[in-house]
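**Q** Here's the letter readout for the chains.
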Amino acid sequence: MSGHTDAPYEPVFVGKRRAELDELLTRYPTKQAALLPALWIVQEERGWLPEAGMTEVAAVLGLTAAYVKGVVTFYTMYKQHPTGTHFIQVCTTSPCLCAGADKVVDAFLEHTGCKELGLTSPDGKYTVIEVECLGACGFATPVQINLDYVENVTPEKVPTILAGLK
Amino acid sequence: MAETPMVNLTIEGLAVQVAAGTTILEAAKTAGVLIPHYCYHPSLPVAGVCRMCLVEVEKAPKLLPSCATTVAEGQVVHVYSEQALEARKGVLELLLINHPLDCPICDQSGECELQDYTFAEGRQDSRYREPKRFDPVEDFGGDVMYVGNRCILCTRCVRFMEDVHKDPVIEVQDRGDRARIGKAPDNDLTQAWAANVVDLCPVGALLSKDFLNKARAWELDRTASVCNGCSQGCNIVVETRDNVIMRYKPRANDDVNKHFMCDEGRLNYAWLNRPDRITWPQAAGAVTGWEGALASAATALKGKKAYVVVNPSLSNETLYALKQLIAKSGGAGYFSVVQGPEAPLPGVADLAVRADRAANATGAELLGFTRSASPLAKLTASDVLVLVDVQLSDADKAAAAKAAAVVVIGTALPQEIAGAAAVLPMTNYVEEDGTFTNLRGRVQRYLQAKATTGAARPAWYILSDLLSALGEKSEYFTASAAFDALAKAEPAFAGLSYDTLGLRGATIQGAQVTA
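Those protein sequence lines, which keep their order, are chains A and B. Using this note's numbering, the letters of the first sequence correspond one by one to residues 1 to 166. Using this note's numbering, the letters of the second sequence correspond one by one to residues 1 to 515.
No lab work stands behind these hints: they were computed from the structure. There may be inaccurate statements among the hints.
DSS-like cross-link-like pairs, simulated, lysine-lysine; straight-line CA separation at most 30 angstroms [said to hold, decoys possible]: (1) A:Lys79 / B:Lys29; (2) A:Lys157 / A:Lys79; (3) B:Lys249 / A:Lys79; (4) B:Lys402 / A:Lys115; (5) B:Lys302 / B:Lys29; (6) A:Lys31 / B:Lys166.
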């Protein structure tokens, strides 16, 4: 799948993160039940979920790596590839599309230098994807950049938005 | 124990009576109606994901999956009603949307349930005009290869590894129309029983690498047999083409191996196809006919003690004939058993690859042979050494030189036994009829699957001739007659015959049934 075999994998669940996991485990009846939050911890720490990360989660929760991978691949919000520093999700569900979301997508691709949806820009700063409804139809087109929403986006506003990103 | 209440229902107009709690699918089988299905398998937990077993039940508001619906009193089931057929036709059409329809190059072709049910109930053509999904072929490790394009996601393999093997190394990955079966890297299907997923797969998605492109299913001749790899005695089917064994498949027997067999046993057949066999009877190094070689063996044995060393995978029939030879000459019989690690299948009671890697050590012990790590240790210079289908270690060869004479009955010549008084070619176990006694005392028949090479004869037949030459009245001309003689003489085997054994076997007197 992913050809990202970079530096040797450093375990996530040590020190503070391990304590966080141990606290989590007290809230669930079984270790397996803590799988989703445990994966979130790895994704927060690493920015995405490398296969070695899935293997680590499997080891700490007593599951097999294949089972963890099955869960990761089922949910679209777990990232199976590294992304740019700014992960830009443009809503292209029907109302936004009517309001011109496709043009917003094109503008983001043009101004970030990303070759296509899902690929990271050469400077490593941006990744643009389309997503289904962000639940902000009244403010079409909404764009989610990492955890923040930007609403009423039009193609003209895109350079300003990008310039404002740190 | 309270008797299970019985339930009466009607399936396809046939009155059926089954125990309460039975599923409609199983009840239909008892009436001779096979309801099409993919995800259901009698040795796996019910999943109800494929929707292929939908049937119409009167008074039910909609079609019901027969694998997951238990019978009820007075139920009237229609398997082939217009509504049920229409629903299953729809299921098949959807299953075939991304299926490559590459039957001409698919190993499963001819034994594929997707092919069978599409022929029986599917549409003539597809209405799908869009490009099909493509998944590359993936090596799952062990003997298993995954062809994702052919997969219908019934999850039998996933449930086998999770619920029966208790080591869930494969899972459904991704979702929706992109879903496929996947494994994690470095987590291969190398478990002792993993290749059963190939048999469980109803389509050509999981294939045996060993059998890949070797033969078409319809060219194979199938013979009921028993695996001789260990003392478990899994029931198998030996599949041959043109007198060459192509593969082993497990044969269902709920008392022994359910629907399963281990990978070690499954892949342990190539030696039976060996061409370097003893083909003609020899006496003192020269090829003779049977009469000359038997006379030479009888001369060597006359008045001497027979020191018999046997392979613990010989048939009960052969071991019984050898017992007669030992009794007549006042000799002794020994065997050693190759040991290996025991590997249980966790989800099935009393099923494992056993430490004794031989099929009939129990039979050998019952018939008076002594287990010994060095079977030639007690050989003296006045003994005639009779080797039956054994290969000698270097230490054994040195010990064998002590014997007054050597008689070899075997499939392949043990090296440095050129000085044998007689060399008598015998059939290997797929070339003869016979029985093994497994570690729980279950006597099971195996049938001849291929013709032998040269002049080889079953070992019990050779021994019957040899005993006659020595003046013993021991004449049987069929394996079943040899077994009858055994059952008559040996109390443990009393009451058994090929008829009572059938193809599933029966236990000997006083056998310990389970561990």
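**Q** When the structure is checked against the list of hints, which entries are broken? Sort them ascending.
**A** 1, 3, 4 and 5
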